[in-house]
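Student: Make the complex out of the two chains shown on their own, each in a separate frame, by following the hints.
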Amino acid sequence: MHLDATIATFLIQDGLTNGAVYALLGLAIVLVFSVTRVIFIPQGEFVAYGALTLATLDTGNVPGTPKLLLCFGVAAFLLDLWSWRRDLKVDALLRNIALNLGLPLLIYGAVLYLAPLQLPSVVRVLITVSIIAPMGLYVYRIAYRPLADASVLVLLITSVGVHLAMLGLGLIFFGPEGLRAAPLHDGSFTMGPLLVTAQSVLIYLMTILIMIALYFFFEKTLLGKALRATAVNRLGARLVGVRTQLTGVTAFVLAATIAALSGVLMGPITTIYYDTGFLIGLKGFVAAILGGMGSFPVTAIAAIGVGMVESFASFFASNYKEIIVFGLIVPVLIWLSIGAIHHEEE
Amino acid sequence: MSRNLLELTDIHVSYGRAEVLHGISLAMRPGSIVTVIGANGAGKTTLLNAVMGVIPSTGAILYDGAPVPRSVEARVAAGLCLVPEKRELFSSMTVEDNIELGGFLRRASERGETREEVYTRFPRLAERRKQLAGTLSGGERQMLALARALMSRPRLLLLDEPSLGLAPKIVVDILNIVSELRKTGVAILLVEQNARAALEIADEGYLVELGEVRRSGPAAELAVDPALMESYLGAHS
Ligand SMILES: Nc1ncnc2c1ncn2[C@@H]1O[C@H](COP(=O)(O)OP(=O)(O)O)[C@@H](O)[C@H]1O
Ligand SMILES: [Mg+2]
Numbered sequence: 008m009h010l011d012a013t014i015a016t017f018l019i020q021d022g023l024t025n026g027a028v029y030a031l032l033g034l035a036i037v038l039v040f041s042v043t044r045v046i047f048i049p050q051g052e053f054v055a056y057g058a059l060t061l062a063t064l065d066t067g068n069v070p071g072t073p074k075l076l077l078c079f080g081v082a083a084f085l086l087d088l089w090s091w092r093r094d095l096k097v098d099a100l101l102r103n104i105a106l107n108l109g110l111p112l113l114i115y116g117a118v119l120y121l122a123p124l125q126l127p128s129v130v131r132v133l134i135t136v137s138i139i140a141p142m143g144l145y146v147y148r149i150a151y152r153p154l155a156d157a158s159v160l161v162l163l164i165t166s167v168g169v170h171l172a173m174l175g176l177g178l179i180f181f182g183p184e185g186l187r188a189a190p191l192h193d194g195s196f197t198m199g200p201l202l203v204t205a206q207s208v209l210i211y212l213m214t215i216l217i218m219i220a221l222y223f224f225f226e227k228t229l230l231g232k233a234l235r236a237t238a239v240n241r242l243g244a245r246l247v248g249v250r251t252q253l254t255g256v257t258a259f260v261l262a263a264t265i266a267a268l269s270g271v272l273m274g275p276i277t278t279i280y281y282d283t284g285f286l287i288g289l290k291g292f293v294a295a296i297l298g299g300m301g302s303f304p305v306t307a308i309a310a311i312g313v314g315m316v317e318s319f320a321s322f323f324a325s326n327y328k329e330i331i332v333f334g335l336i337v338p339v340l341i342w343l344s345i346g347a348i349h350h351e352e353e
Numbered sequence: 322m323s324r325n326l327l328e329l330t331d332i333h334v335s336y337g338r339a340e341v342l343h344g345i346s347l348a349m350r351p352g353s354i355v356t357v358i359g360a361n362g363a364g365k366t367t368l369l370n371a372v373m374g375v376i377p378s379t380g381a382i383l384y385d386g387a388p389v390p391r392s393v394e395a396r397v398a399a400g401l402c403l404v405p406e407k408r409e410l411f412s413s414m415t416v417e418d419n420i421e422l423g424g425f426l427r428r429a430s431e432r433g434e435t436r437e438e439v440y441t442r443f444p445r446l447a448e449r450r451k452q453l454a455g456t457l458s459g460g461e462r463q464m465l466a467l468a469r470a471l472m473s474r475p476r477l478l479l480l481d482e483p484s485l486g487l488a489p490k491i492v493v494d495i496l497n498i499v500s501e502l503r504k505t506g507v508a509i510l511l512v513e514q515n516a517r518a519a520l521e522i523a524d525e526g527y528l529v530e531l532g533e534v535r536r537s538g539p540a541a542e543l544a545v546d547p548a549l550m551e552s553y554l555g556a557h558s
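The listed protein sequences derive, respectively, from chains A and B. Just remember that our numbering sits 7 ahead of the position in the first sequence, which is counted from 1. Just remember that our numbering sits 321 ahead of the position in the second sequence, which is counted from 1.
Excised from the complex, chain B in its bound form (with noise of 0.2 angstroms):
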């Protein structure tokens, strides 16, 4: 057994007096994809928060076994990278360069070639390259924030609902994305509301409800688990 990449042993959250997550545990193996699954309220967007340093928390966080460095920045430089849900993107300034930062903190020449791999991966980025971000459609957008995030080369990315506020079949789009993702061996961990996409492409999954894990095992068990199909995934199918 090779060890995990992700390992969180009960982690807290608390905004001021309120607490949010109520000791979250969870582990991920190199290379696969977790998704992270719960209700609008659940506390996904904060579990992800504190595995980035964006928000501070208690808890272990071991990161390729040893403890995650302390700032976002040295947590990019180790290799994380996130996809907020509002994506955070230079709205301002062109698609070019929203992609070249990504690649901050990495040198030069390898920047060149990641851009390249990235620019073949997003066509439509590379079309408007000189476009400002702020001008793009949503799922251009989303790509574009992937796209950043490509850019630092990371072993870990943390999606926050890739697909929320797109049209169902660009959803569908950036989740073939996120699936393709994994063959250049990074590990994902993924949030969605949209639980039946999400279960469809990850290998571990787990249900979230009011900052606590409620249920967890392999996606293929949870996406035909009766109680979660009546909550989570819509009566159908």
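Chain A with its partners taken away, still in its complex shape (with noise of 0.2 angstroms):
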């Protein structure tokens, strides 16, 4: 089988919707990292859930993240009793039962209600984003606020005892079945040779709208400005009253957000297992180093490089697909630590 333009134009679509939602992934790992230094590894699975969640929403049957999102509540809840066994206040305690039990019980009722109504595509997708987002508060709070100081390293190794814990809540929530979620729409259209299913034109647009709502939150919030500036500086950041909490946990909810949308776009396109965010994740983080882990731009264009050559080498060396792509980075490492040597001899 050779390459012709038929299949080339497929390849091309087939690699831009990928790309598309590898770039959302590779812009959450960067805010992440610039913002908390973390590297955000368990975002895969939020992806996963996030597929998941639309996948069991869509059968009309509860999912089990409520329940997993109402058990990361209350593991919020007594980490905060804990912290305050000193000093206890009320004001802060109703308002951490509010946010830390309140929330997820919330949700958990919301849910249960919807579930069988058998809403539109859009409402389940607006149900698994608001099930899933709340997620990266509370993982954050329990795993890496009380690291906020750590070095890069602990925060990693933090992030992958996180990813494995969640790996495990996934296949204990969900099962080793894979699931696919139906297509937020059904249909497609032809574009002179190409077939244009309109599940990727969303894919696009949704990539595109998400890009623009976070370039007017940091260009334009005093929040997103927050976060910029602890990125850039985060003793300055402190100096004016930004608490690395508030920015750490508004980053994790970002993230969280990104990944679960992420899932939603996917989901209706490959079969998701409880595992398969991991690899997804990571192609999302061979963009974001490529982008150098702190360029939007460069991230977002990487991803969509990263997708292409995923769809090419699927074409020509499909058994070396993973390999291929994964060795996008080499270069890159080398190219950086060639700089950082440099900077060394400076």
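Label-pair ranges, simulated between beta-carbon atoms:
1) 156(A) to 498(B): 31 to 37 angstroms
2) 488(B) to 155(A): 37 to 43 angstroms
3) 159(A) to 536(B): 43 to 49 angstroms
4) 208(A) to 498(B): 55 to 61 angstroms
5) 521(B) to 99(A): 45 to 51 angstroms
6) 156(A) to 381(B): 23 to 29 angstroms
7) 178(A) to 413(B): 38 to 44 angstroms
8) 536(B) to 157(A): 39 to 45 angstroms
9) 379(B) to 156(A): 18 to 24 angstroms
10) 498(B) to 230(A): 26 to 32 angstroms
11) 413(B) to 201(A): 37 to 43 angstroms
12) 437(B) to 16(A): 52 to 58 angstroms
13) 220(A) to 533(B): 54 to 60 angstroms
Just so you know, these hints were derived from the structure itself, not from any lab. As the structure is a computational prediction, the values presented were derived from the model and not from experiment. For each residue, glycine too, the CB sits at the ideal point set by N, CA and C.
Tutor: This is the structure:
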């Protein structure tokens, strides 16, 4: 089989679709890393949770994630209680109960009620995101907040731990079977020789929309600027009164939201298992590294490249697809280490 | 007698095993300028960082008659503000954004008002609103650091060597601005190596050597102290 124009356009479309999702994931990784110095390995689990939650909602059943969210909330609640064991303040306790117990209970109740109603797909997507996004908050509270001043290495080890824990929880709450969500929109149309599915158009639109939203958040809102400030100068940010916790929580909730949306977008185009997210997340990670872990635009462009390479590699050398994709970071790492050596010599 | 705005009693700070502040006590009244002078390595920066809560310390820090809040952020909210030795600006962000962030803990309406005051005080910065902080000159950077600090409407400004690394003419400008600031009612704890200039604008002075207060008193008296003159103020004049 050799490459002709039809196959090429098909591969390009495929590459673009995946690349768009990788771009979102890469952005979330860069966001979390620059604000908190955490390498966000568990992102893949958020993606899988998102996809599996949506797929379960599609069948009219109640997914396991709201219950999991409740468990996370209880854990966060207990940790807060423990950290206040010396001086307990009533207003802080009430806020804590509302956030850590009230919010997940509310979501749990809402899902129990809404899941069997066979609501339109947009609503199912919204439900999915509102289950997964708060998980970012609790995961940050439970695993990372106590380590706000730890080294990048300790944070990385923590991330591996969180990844493994969430992987195990994924298996418990979703089981080993793969699920495929229904497309958010069934249609397709032809453009010249190309069959374009509505789902892929949706992916492009969502990606662009999320990027625009992020741009506005970081450029126009004070909280967004505070996140940037924290990334640029941690001490400076504290000195103007920006709490490390606030920016940390915000970064994690944003990242969990983006990951959930990525899962929702991916869910209908591939079968997702409880452990599929990791590999998808890693590709976002490749893009983030290609972007030097700091640049949003470069990461986005690199992600499209990763999607393309993956798509063409699967045609020419499908057995080596993953190796080729992950091999992309080797020259960059060499390049970065040469840069680092030069830096030291100066 | 109204009470002191800041009262430090027996402050000790260690880096690892090495203690560098050995029990510093200091008091300052609302709206006054107090200067801490001393040689390089005496512990001046360490003292300001301890007051701001950037580094842990033992001893009592009373602010406005009560123990100072624990976290840096809560201290900012209570009206303390540190302009650090290295300025710690957001270099890849615009002047405007740096200033805006200075008022992070305040309501949007209050921020707008203070922002106009700050731009009136620092017209140079108003001209450079859209410029990145990292591209400013040394003097402008110090102005931006001051401007950012003023955005929080502090009651106590902690200034760590505001004249460090600046050309003599700009040092005069900066110190003029500092003494202008006291007219707004803010108290200033000023750390300077430029002892003569600092004592000129201060009410009280503390001489710190090797982590201990060696001398303290009204700035005017310290400025004419013969022993001090020799080692810190330069023999002439
Ligand atoms: N982060 C640090 N770790 C270890 N020692 C430090 C640190 N910062 C300052 N020191 C030491 O503490 C002493 C006081 O430093 P510093 O407060 O910066 O003095 P000054 O501001 O008066 O020049 C110096 O001996 C310095 O070497
Ligand atoms: Mg110093």
